[in-house]
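Trainee: Residue-level listing of the chains:
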Amino acid sequence: MTTHYLVLSALLFSIGAIGVLIRRNAIVVFMCVELMLNAANLALVAFARMHGNLDGQIIAFFVMVVAAAEVVVGLAIIVTIFRTRRSASVDDVNLLKY
Amino acid sequence: MSTLLAAPPGTIPAPTIEYTQLAPMMLVFGAAIVGVLVEAFAPRHLRSAVHVPLTLLSLAGAFALTILLAVDGTRNVAAMGAVAVDGPSLFIHGTILVLAFVSVLLFNERLQFVSQAASVPGSTEEEDSLEEGAVQTEVYPLALFAIGGMLLFSAANDLLAMFVGLEVMSLPLYLLCGLARRRRLLSQEAAVKYFLLGAFSSAFFLYGMALIYGFAGSVDLAKINDALGSASGRDTLLYVGAALLGVGLLFKIGAAPFQAWKPDVYQGAPTPITALMASGTLVAAFGAVLRVFWVALGNLDWDWRPVMWGVAILTMVVGAILAITQTDIKRMLAYSSIAHAGFLLTGVIATGGPAQNEEALSGILFYLVAYGFTTVGAFAVVTMVRDAGGEAGHLSRWAGLGKRSPLLAGVFAFFLLAFAGIPLTSGFFGKYAVFAAAVSGGATPLVIVGVVSSAIAAFFYVRVIVLMFFSDPAPDGPTVDVSSMGTAAVVAVAAAATVVLGVLPQPVLDLADAAAHSLFVR
Amino acid sequence: MLSVAIFLPLAAACVLAALPRLGASAARAVWILVSAAVLGLAAAMWAGYPGGVAYEQRLRWIPSLGAGYHVGVDGMSLPLVALTALLFLVCAVYTGRDTPRMPAYAAFFLFLEAVSLGLFAALDLLLFFVFFDLSIVGMYFVIVGWGHGDRARSALRFFLYTFLGSLALLLGFIGLFLGGGTFDLVELAARPPFRAEPGIAGLVLLAVGIGFAVKTPVVPVHTWLPPAHTDAPAAGSAILAGILLKMGAYGLARVALPVLPGAWQRHAWVVIAIGVVSVVYGAFVALAQRDLKRLIAYTSVNHMGYIVLALGAAGLAAGDERARDLAVTGAVTQMVSHGLVTGALFLLAGVVWDRAHDYDLTRLGGLAGPAPVLTALTAVAAFASLGLPGLSGFIAEFQIFAGVIGTGIPGAAVAGAIAVAGVLVTAALFLRVLQRAFLGGPGELTARFTDVRPRELLAVAPLLALSLAVGIAPRPLLDLVEPAAAAVVTLVSR
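Chains as they are written, first to last, in the numbering used here: chain B, 418 to 515; chain D, 27 to 548; chain R, 30 to 523.
FYI, nobody ran anything at the bench for these hints, they're computed from the structure.
Even glycine gets a Cβ: it sits at the ideal position worked out from N, Cα and C.
Among these hints, one or two may not hold up.
DEER-style ranges, computed between Cβ atoms [stated by the list, open to error]: (1) R:L453 to D:V525: 50 to 56 Å; (2) D:D507 to R:G228: 55 to 61 Å; (3) B:V445 to D:K249: 37 to 43 Å.
Listed next, the stretches of chain B that the computed footprint assigns to chain D, with coverage defined by at least 3 CB atoms under 8 Å from CB atoms of chain D [what the hints assert, rightly or not]: (4) 442 to 452; (5) 475 to 484; (6) 487 to 499.
Bound-form chain B, shown alone (with noise of 0.2 Å):
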C-alpha cells in the first residue's frame, strides 16, 4: 500500500521541481515549490503508517507551519517586486547578471 502513496508523491515532487524549472511566472514557480512541499508532507505520513509510528504525522505539521511562514515572506518579497515592475516574470529579474 505505502508503494502507492510514494510513487503518487513522487509523482508530485516531479511535477513541483519541474515546474519550478520551466515556468516562468514567479507565483507560479512559488506554488510549484509549495507542491513539492506537500509531496514531501504525502511521503511523510506514508512512512509514518509504514513504520507505525507518529514521528512523519508530526513532522508533517511542522512542515505545514514552516510552509505558511514560507508563504508570507514569498509572496510579500514577489508583490513588492510587482508593484516596482508590473510583472511577476522571472524573465524580467535579470539586473543581476554573472
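Starting from the known structure of chain B, fit chains D and R onto it as the hints suggest.
Mentor: Just chains D and R now, kept in the frame of chain B:
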C-alpha cells in the same frame, strides 16, 4: 516522540527540556520576540534607541552563556534529542554569535536600509517616507531571528530541528536581502532570486528528510546512523534521500553546482546583511553539513565521498576562475566565498579514524573562525567606500584608493592577502590546517587542486591590491566615509583578529582542538 | 643578535610604511642606516662565529602544529646572511633620490631584507615557508610598482610561477610534517622521515623539489625569470638574482638533502640531468639574446645549473666522499659568488637603462669612450661571471667541476665535462657583449652615455672587490663553508 505511542491512553508524558543548556538560543529568540513587540508598541523615534542595545546585549549575553556552557563541560543531547550540546556546536555557536555581533555593528538603518520596504522605488510614497525620516527598524529583530536560526541549524541533532532551523535562518534573510536603500531594484531582485532558489533547495532538503525517515523510521541523526547497519532492502530510499539532503545543504554553503545564487545575492543585498550571510550563514551551514555527513551518514562515507570530491573540486575551481572576471567588488568577494567553501569541503572529506576526524574537525573550525572575521572585515571596508549613489561597487572606482586613504586601503589589502592565504595572516593557518588534515586523510589530489585554485585566487586578490595602490585615482573617485564608529570598530576588530590568528594562532587552535576532541555527541 | 638582524629591517619597514609623507632623502637615509646596521650585525656574527649551529634561538610558536620560532646560522647560511646584508645595503646606496614613492620603495626593500635574512636563518620548516612566501609577495609589488616595460604581465608571471611553486613546497612540507611529526629542521634531519617508504619519500621530494626548482630556477620552469628581470627596477633585479634565486638552491641544500637523503640518493641522476640541461640551455639561450638584461638573466639560469649539478652529485653515495664535499663547498661558494657578481651586473645594467632607456645590445657600442669606468666595472663583472681565475666565479666553478668529476663515477664525469662546455659558451657571450657594446664603433644610443655617478660606483665597486677578494684569498670563506658542506654530505649519505 515515539514514546507517545507507548504511553497509556489519557496521559501525555511531558517532554524534558534542558533550559540551561538551551539558554543561548532561547535568549536570542526571546530578544527577537521582544524586538517585534518593540516594533509594535514603541513610538517610532525610540525604536532604534531600544533595538540596538537590545540586539547587541542579547548577542553578548548569549555568547557569555555559551562560554559558561563550554566551561561547565556538559556534553549531551538536549530537548528530547533535538539539539546537541557538544564541543563543536558550542564552538560554532560562539563563532556565530561573535560574528553576528560584529555584523550587527555594521547595521546603519539610515544609510543602508530602505526607509519603507513597501513603497515603490521612485514613487511619491517613497519620497514622503524619506522626508518623514522613516526608518525600517525591523531589521534588528529579523536579524536576531536569523541568528537564532543559525544557532539551531548548526546544533540540530535531528533532521526536523535542522529543517526548522534552516527555515528560521533563511526566511528573515530573504526579507533582509530586499531592504537595501540604494539600488533598490537590484536588491529586490536579489531577494526574489534568493527566495525562489532557497525555497526550492529547502524543498529538496525536506523530501530528502522524508525519504531518510522512510529508510530509518526516525529523523534522529544517531538513529539514522544505526539504521545504516540494520535496515536493508530500502537502500534506494537511503541513497536518494541522502542525495536530496545533500543538495539542500550544499545549496546553503554555496557549493558548485548550486552556487548560482551567491554572487547575485551578495551583490544585491545590503552590505551588512551580506557580511552576516557570508560569515554566520556559512559557519552555521558547515556545522549542519558536518553533522549530517559525519554523524548521520558517517558509516556511508564510502558512498558520499566520491561525490563530495567532485563537488569540492568543482567548487574550488568555479569559485577561483569566475572570480577573475568580476568587476564588482561584492561579486568578487562572493566568488571568493564560493572558493573558500570548496577549501572547507576538502576538510569535510578528510574523514577516517577518530584521531583523523578530530584533526579535520579542528582544522575546519579554525578555518571558519579565521575566514569569518576576515570576510566581515572586508565587507565592512566595502561599506565605507562610498560614491554619491551609495557604495562604490565597481572595481574601477577602487583604483588609486591607496593614495586617497592609505590606511583603509592597506587594511583591505591585508584582508585580501588573508583570503589568499599568505603566511602571517589567519588565512594561511586556516588553509594549512584544512589541507594538512586532507593530506593525512588521503585526499592529496584534492589538496593539489585546492593548491592550484588558491594560487589562481591569489592572483585576483593581488590584482585588486595593485589596482588600489599602483593605479592613478579617478578625479571624481569615491569618498571614504569614516563617520560610523561601529564600522570603524568592526574593521579594527577584524584586522586585529586576522593578524593575531596569523601570527599567534595557538590559543584558538587549542580551543578548536579542545572543541573537536570529543567529536559530535550521538 | 640574529633575531635583531631579522626584525630590525622589518620594524624599519613598518615605520616607513606608516609615514608615507616622509621625504625621499629621509627615507633613503633610514634605508641606508638600517641596512648598514644589519651588515654590521652580520659582520659581527661572522667575526664571532664559533662553528656548528650558532646564534641559535628557539621560541614556542605553534606547538600544536609542531612549529616553533627556531633560527640559527651555520657555515652554509652565514655567508648567505652576510651576502644578503651586503647586497641590500648596496642597493640602498645605488638607489637615487629621484625614485618615485621613495618611502614605500624603501619599505618594500627592508621588508624583503628581513624576509631573506629570516629565510636563511630559519631552522623550522613552517618559518622557512612563511619567509619563502612573503619574499614572493614583496618582490611582486616591487616589480609592479617600480618596474618598466610590460611590468604588470611580467610580475604576474613571476607571481603565478613562484606562488604555485611555493604551494607545492607547502604540500611537501606538510608531507614531511606528517612523516616526522615536527617542523623542526634539526630534528627532521636527525630522524629523516619516510626511510621505509621510498614511494612516499619520492613524492614528497617531488613536491619540495618543484617548489625549489621554480625559485632556483632550472629548465623547464625558468620561463618567468627573463621577463621578471627585464621589467624589474635595477635594484629589484639585483635582489631577485642575488638573493631570491639563492632561496631555491639553499632550500635544496638545507631541506631536501638532509631530510630526504634516501630519496635524494635515488633521484640524484635526475637532479644532475636537470642541472646539466640548465647549464647548457641557459648558456646557449643567453648567447642568442640581444637584450642585455635578458642575457644576464639567462646566465643566471646557467650559473644556478652548476649549483644544482653539484647538489645532485652530492647524492651519489657511491662516489668519493671528499670529492662530494668539494662539490657542495663549490655550490655554496657559487651561491655567494653569483650573488656578488650578478648583483653587480644587474646594477650596471640599471646604469645602462638609466642613460639609454634601452637594453638593446645592437643599438649600443663604443661605450668605453664616454664611460670608461662603467666599461671597466662591467668587464670585471663579466670576467668574474665567466669564471676567470683570480675572481670568485673561478673558485666556485672549479670546485664544482673538480668535485663532480672527482666522484669517480663515469656518468658524473660526463655530466661535469658537458657542464665545462657551458663555461666556454658563457665566456664567448660575455666577450661578445664587451666587444659589441663597450668597444668597437659607437652605436646609435652611445651619445646619451655619461660615466657612472659616485653612488653607482660606491654600490658596484664593493661587490666586485669582494669577488676579487674571494678569488684571490678564498680561505676565510672556505673555512666557514667546508665543515657545513661536509656535514650535509654526511647527512645525505645515510
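Trainee: So which of the earlier hints does this model not fit?
Mentor: Result: no hint breaks.
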